Amino acid sequence: MAKPIEVTDANFDQTLGGHPLVLVDFWAEWCAPCRMIAPILEELAREYEGKLLVAKLDVDENPKTAMRFRVMSIPTVILFKNGQPVEVLVGAQPKRNFEAKIQKHLPPSA
1 MAKPIEVTDA NFDQTLGGHP LVLVDFWAEW CAPCRMIAPI LEELAREYEG KLLVAKLDVD
61 ENPKTAMRFR VMSIPTVILF KNGQPVEVLV GAQPKRNFEA KIQKHLPPSA
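According to our numbering, the sequence shown is numbered sequentially starting from 1.
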């Protein structure tokens, strides 16, 4: 069963390079809204398995990547397509908001 994977400053680019569509949660342990959306991200990882990789990056342990993408508040969730950021959601959001952003970038069903 698919689950969000942990990414770091060291493996961020390599991880994104191997997947066409990646949803990255920029979070921290002390962040209550981050904990609120964690179950939603786990659901998305399962439901979009094979189409979308869901990743989590702890901003306290990996400040370089957070600064690189100008993450100023958390949670910030960025959708990357072919390694480039294409959608940004800041703050706790309902599942439908994440799904709307993801759906826009999935290839049309055959």
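Some hints could be false.
Stated by the list, open to error - Only pairs whose alpha carbons sit at most 27 Å apart, straight line, appear in this in silico DSS-like list of lysine-lysine:
#1 K56 / K81
#2 K64 / K81
#3 K101 / K64
Said to hold, decoys possible - What follows is a set of in silico ranges between Cβ atoms, one per label pair, in the way DEER data are often shown:
#4 W30 / P108: 15 to 25 Å
#5 V90 / H19: 19 to 29 Å
#6 A10 / R96: 15 to 25 Å
#7 D60 / A92: 14 to 24 Å
Keep in mind the hints are simulated off the structure, nothing from the lab. This structure is a prediction, so every number in the text was calculated from the model and none was measured. Even glycine gets a Cβ: it sits at the ideal position worked out from N, Cα and C.
Outcome of the hint check:
1. Pair hint K56 plus K81 holds up; C-alpha atoms about 16 Å apart against a cutoff of 27 Å.
2. At most 27 Å may separate the alpha-carbon atoms for a hinted pair to count; K64 and K81 meet this at roughly 20 Å.
3. Under the criterion of a C-alpha separation no larger than 27 Å, the hint pairing K101 with K64 is consistent with the structure, at around 25 Å.
4. For W30 paired with P108, a C-beta distance near 41 Å fails the hint of 15 to 25 Å.
5. Between V90 and H19 the Cβ separation comes to about 23 Å, which falls inside the hinted range of 19 to 29 Å.
6. At about 34 Å, the beta-carbon gap between A10 and R96 misses the expected band of 15 to 25 Å.
7. The given range of 14 to 24 Å is respected by D60 and A92, whose C-beta atoms sit roughly 19 Å from each other.
Comparing the model with each numbered hint stated earlier shows that hints 4 and 6 do not hold.
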